[in-house]
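Here's the letter readout for the chains.
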Amino acid sequence: MTLAHFLAVNPPYWVETLTKIGIGLVAVLLPTGALVYLFLFKMMSFMQSRLGPMEAGPYGQLQLLAEFGKFLQKEDIFPSKADRFVFAAAPFVVLVSTFMLVLVLPAGPDTHFIDLNTGIYFAMAVSSISVIGILMAGWGSASKYSLLGGIRAAGQLIAYELPLVLSVVGVVIMAGTLNMKGIVAAQADFGVWFIIPQFLGFLIFLVAIQAELTQPPFDMPVAESELVTGYLTEYSGIRFLLFFIGEFATAAVFSAIGATLFLGGWTIPFVDANAEIMDYIGPLVLAGKMILIAFLIFWFRITYPRFREDQLQRLAWKFLIPLSLFNIVVTAIFKVVF
Amino acid sequence: MTDMTADLDINNSEQLRYIAAQAADARVNVELETEGMTLNIGPQHPATHGTLRIVARLDGEQVISAEPIMGYMHRGYEKLTEVRTYPQVTTLINRIDWVGSFANEVPFILAAEELMEVEAPPRAQYIRTALFEMGRIANIMLFLGDMAVQLGGVTAIFYAFRDREFVLNQIESVTGGRFHPNFNRIGGVKDDLPAGWIKETKSSMQKVRDFCDEMEDLVVGNEIFQSRCRGVGVIPADVATSYGLSGANLRASGVDWDLRRDAESPLAWKDLDWKVWTHPDGDSFSRYWVRLQETREATYMVEQLLDGLPTGPIMAKVPRIIKVPAGESYVQTENPLGAMGYYVISKGELTPFRVKIRTASFSNMSISPWLLEGVYVPDIATILASLYFILGDIDR
Amino acid sequence: MTATEDAVQEEAATDPVREAIAQSFADELGDGFIAQHINPGSDLWIRIAASSWVDAARFARDKLGMNWIDFISAIDWMPNPYGREMEAEQDWVVHGGGPNDKDESDAEKMTTGVTGGDTRFQMFMRLYSTEEHIGVTIKADVPDEAPAIETLIPVFVGASWHEREVWEMFGIDIIGHPDKRVLYLPTGFEGNPMRKDFPLVARRVKPWPGIVDVEAMPGDGDGDGDSAADAATDAEDAS
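Protein chains in written order, with the working numbering: chain D, 49 to 386; chain B, 96 to 491; chain R, 51 to 289.
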């Protein structure tokens with residue numbers, strides 16, 4: 049998106065850059081906060097027959113700020129044997145991958161940070177950077193629990209990267225482009241959102257992002273009843289907060305990617321996708337669809353117990369990957385035939 | 096330690112331990128050129144809900160050996176009972192299994208009554224039995240939620256705590272104590288039931304049954320829960336008995352034995368119509384399943400007890416200052432965690448001469464080194480949760 | 051108790067099942083079998099020689115179907131050497147006597163429970179049949195000098211922890227136990243806490259309030275006469 053588009057003037061380069069950084073922060077933190085408040089605080093509480101936060105602000109709405117302040121105040125503890133640089137850098141690596149994912153998300157015909165021709169390819173690629181951050185956290189903490197958690201996370205993320213990418217391939221075949229905006233446009237042209245023809249792909253995508261996010265039932269890396277909290281065990285204060293933001297921001301971004309790929313992105317049926325008004329309501333529509341998918345993610349998270357490591361790998365390699373390959377083949381056949 | 100094999104003594108534990116550790120390391124080293132890892136789980140760890148410590152030697156995710164270390168909460172109750180009068184002892188033994196406390200008092204009181212040749216009136220026995228079963232419900236409901244939490248399903252425990260409150264409120268309104276009733280007296284119970292209690296209790300029993308149905312849907316019917324539990328931590332019946340396992344752990348291994356049905360007891364179980372649940376598999380899932388059925392069964396038992404509640408006094412005639420005649424008695428009851436017994440030796444004084452407290456969790460946990468050998472790290476949580484121990488019940 | 055229940059008691063005064071079990075132990079162990087005690091309809095105790103300890107357990111498991119190990123523990127029959135000192139002042143009112151009023155004769159006459167006994171320490175275990183629903187308590191004297199007994203682990207694997215507890219709490223050596231480490235006590239703890247001559251420090255430092263409620267119960271103390279609390283107060287006033 050260009051600022052000129054909104055302001056009708058051409059600002060200097062540095063103003064535009066700063067503005068983009070600001071918008072980027074808002075684009076990551078606002079949905080994250082919304083997810084945490086809506087789902088983690090309120091929906092989870094209601095599902096567990098309790099009220100959740102009620103004291104801070106009306107209906108507990110300021111609880112997020114309170115939590116934020118709490119984490120900022122806490123001591124930033126380094127374990128005495130930790131590899132200090134690796135330990136300190138790990139949360140930022142995780143966060144970087146999340147921020148880079150947002151770059152390619154289109155939220156309107158002209159509302160986007162960059163319009164890469166290989167957008168979805170780029171997204172899938174940078175999403176794996178978080179593995180490195182998690183491994184760094186596991187190794188740098190100099191704790192056995194963290195190490196086990198980090199290694200589990202690495203094994204799991206690599207295993208579920210494959211079905212994630214393969215489930216997207218079906219959409220890419222149908223759209224005929226790797227460009228995210230192109231995929232949205234293709235859905236508008238196709239008539240129905242890709243969730244209908246690619247329902248199997250959507251299911252695989254959901255399972256795979258659940259695993260990528262290490263949310264239950266795939267939360268083996270942070271299994272609190274065995275590994276305390278896995279690679280997060282030794283983190284406190286601001287660094288824990290960064291991991292926390294990273295986790296839920298990634299949930300938000302993956303939901304948004306899912307909304308873009310399967311639910312038509314910023315478009316609304318029977319409204320011209322390229323109308324100028326869509327630049328303004330597009331982000332809201334996308335946020336709405338993102339919350340729909342995030343609801344599913346959190347619903348599973350709150351309901352299910354977790355898989356064991358071997359069961360989780362078996363599910364990925366023996367079930368999801370063959371299934372997604374099957375999906376690709378079927379999609380390709382239909383594409384060629386029709 | 097230089098020449099371990101020269102004078103190898105099969106009975107020397109340190110030597111055997113050393114050799115086993117070396118062999119385990121050597122095997123791991125040769126295969127993968129890696130080292131085994133010792134993981135110290137506890138004493139402060141979410142899986143141990145208390146202060147249990149488990150030293151596990153790991154080969155990757157696999158447990159080579161696991162050794163529970165306890166005593167972090169040993170309070171020496173057997174010694175302390177020797178300097179307390181009989182009525183004072185119940186205050187102590189309430190704290191053994193602190194989630195189903197009422198059931199702890201009963202066997203001790205029965206043992207003392209047996210020595211004194213006093214028998215509580217029928218109404219007192221019915222009240223005791225009803226509260227005993229409610230203590231069981233309160234105890235096992237915690238397990239039903241906790242096991243799911245150990246497997247990562249956090250929601251179940253909130254339901255458990257929510258619905259357990261109905262039972263605890265009822266216990267509290269009779270005894271005045273939610274966790275530590277201290278309500279039994281030698282020769283009866285302290286008070287009669289308050290007005291309206293029977294009706295409220297029946298409705299709370301209905302809520303417990305609703306909770307059981309909910310758990311059946313949310314936990315037992317869940318495929319992930321089943322795949323985590325089925326075939327994990329299998330205990331054959333003969334191993335179970337030779338380790339002295341009891342309660343649902345034993346019945347889940349197919350041993351049809353319940354002290355409520357199979358032992359002579361002055362309590363009112365013999366008047367009830369109920370069923371002992373067993374399961375042939377002996378794995379973690381069957382232990383959960385048996386406990387779930389027992390909870391539901393217990394609600395029906397409470398209802399039957401309240402329907403058939405006899406009228407009459409609640410205390411037998413006992414002297415104000417209780418001196419128990421010399422003798423020995425052993426009374427064991429089927430407590431929520433398993434068979435719990437008190438071996439009381441009296442010399443005709445105000446205080447017991449010796450009290451041996453047989454707790455269920457102690458024996459139930461003694462199987463854990465055998466059971467944890469060769470499992471994966473996640474199964475440690477499953478197995479420990481399914482054995483269901485209360486730390487106070489192990490450490491006494 | 052009604053008349054019919056009395057009749058049941060009369061009938062149960064002989065207990066053929068438990069007598070048969072005791073007899074079979076006597077036949078099997080021969081000289082190792084020392085005494086028996088039957089509480090009709092309720093319980094069975096036998097006392098055996100320490101040398102027959104493992105044999106008795108194996109016999110009970112294999113031939114009598116007593117497959118379930120309940121517990122193994124020990125008893126220290128020595129009378130409390132601290133005497134009345136361990137009790138509270140109020141208790142003297144009830145019993146009579148005072149802090150230094152140690153009954154010397156007690157120390158000499160050591161009474162040893164239902165099946166008797168010759169030594170200070172006695173091991174006892176309880177086995178149970180999950181099929182027949184009948185249990186037996188087996189006792190064995192262990193020598194005063196260097197108390198020791200053989201391990202039951204070859205018969206019941208679950209004996210291990212029970213025996214570790216006995217070993218640390220009573221100082222009775224378990225011969226052949228492969229894993230003799232402290233179970234409850236901290237490493238390096240000195241003494242055997244469950245022995246009667248191991249002082250309970252808390253009780254020695256500060257007397258326990260005793261059997262009588264410290265605060266008078268409602269209704270007590272205004273003249274119903276039998277209140278021990280009144281008596282205690284009176285005793286304090288007098289001294």
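No wet-lab data here; the hints were simulated from the structure.
There's no promise every hint is true.
Calculated lysine to aspartate or glutamate pairs in the EDC-like style (CA-CA distance at most 16 Å, straight line) [unchecked claim]:
| hint | chain 1 | residue 1 | chain 2 | residue 2 |
| --- | --- | --- | --- | --- |
| 1 | R | Lys-230 | B | Glu-398 |
| 2 | B | Lys-412 | B | Glu-267 |
| 3 | R | Lys-113 | R | Glu-78 |
| 4 | D | Lys-192 | B | Asp-286 |
| 5 | B | Lys-174 | R | Asp-247 |
| 6 | R | Lys-246 | B | Glu-177 |
| 7 | B | Lys-412 | B | Glu-214 |
| 8 | R | Lys-246 | B | Asp-154 |
| 9 | D | Lys-383 | D | Glu-209 |
| 10 | B | Lys-302 | B | Glu-398 |
| 11 | B | Lys-418 | B | Glu-212 |
| 12 | B | Lys-418 | B | Asp-241 |
| 13 | R | Lys-246 | R | Glu-182 |
| 14 | B | Lys-297 | B | Glu-398 |
| 15 | B | Lys-285 | B | Glu-214 |
| 16 | D | Lys-192 | B | Asp-154 |
| 17 | D | Lys-90 | D | Glu-115 |
| 18 | B | Lys-412 | B | Glu-162 |
Derived coverage of chain B by chain R (criterion: at least 3 residues anywhere in the stretch with Cβ under 8 Å from a Cβ of chain R; other residues may be distant) [stated by the list, open to error]:
| hint | segment |
| --- | --- |
| 19 | 165-175 |
| 20 | 318-327 |
| 21 | 378-389 |
| 22 | 400-412 |
| 23 | 451-459 |
| 24 | 480-486 |
Glycine included, C-beta positions come from ideal geometry on N, C-alpha and C.
Cross-check of the supplied hints:
1. R:Lys-230 - B:Glu-398: 49 Å, violated
2. B:Lys-412 - B:Glu-267: Given that 16 Å is the threshold and the Cα spacing comes to 26 Å, the pair is violated.
3. R:Lys-113 - R:Glu-78: 10 Å, holds
4. D:Lys-192 - B:Asp-286: Distance ~54 Å between Lys-192 of chain D and Asp-286 of chain B Cα, so the pair is violated.
5. B:Lys-174 - R:Asp-247: Since the Cα atoms of Lys-174 of chain B and Asp-247 of chain R sit roughly 12 Å apart, the hinted pair holds (cutoff 16 Å).
6. R:Lys-246 - B:Glu-177: 10 Å, holds
7. B:Lys-412 - B:Glu-214: 9 Å, holds
8. R:Lys-246 - B:Asp-154: Cα-Cα ~46 Å, so violated.
9. D:Lys-383 - D:Glu-209: 25 Å, violated
10. B:Lys-302 - B:Glu-398: Cα-Cα ~13 Å, so holds.
11. B:Lys-418 - B:Glu-212: 12 Å, holds
12. B:Lys-418 - B:Asp-241: Given pair Lys-418 of chain B, Asp-241 of chain B is violated - Cα atoms ~42 Å apart, limit 16 Å.
13. R:Lys-246 - R:Glu-182: Between Lys-246 of chain R and Glu-182 of chain R the Cα gap is close to 37 Å, so the pair fails against 16 Å, i.e. violated.
14. B:Lys-297 - B:Glu-398: Roughly 6 Å between the alpha carbons, so the hint for Lys-297 of chain B and Glu-398 of chain B holds.
15. B:Lys-285 - B:Glu-214: 15 Å, holds
16. D:Lys-192 - B:Asp-154: Given pair Lys-192 of chain D, Asp-154 of chain B holds - Cα atoms ~13 Å apart, limit 16 Å.
17. D:Lys-90 - D:Glu-115: Measuring from Cα to Cα gives roughly 15 Å; hence the hint holds.
18. B:Lys-412 - B:Glu-162: Roughly 50 Å separates the two Cα atoms, so the pair is violated.
19. 165-175: Since three or more residues must qualify, the claim that chain R covers the segment 165-175 of chain B holds, with 7 doing so at under 8 Å.
20. 318-327: Check failed, 0 qualifying residues.
21. 378-389: violated (count 0)
22. 400-412: With 0 residues close enough to chain R, the hint is violated.
23. 451-459: Coverage by chain R holds for the segment 451-459 of chain B (4 residues, Cβ < 8 Å).
24. 480-486: violated (count 0)
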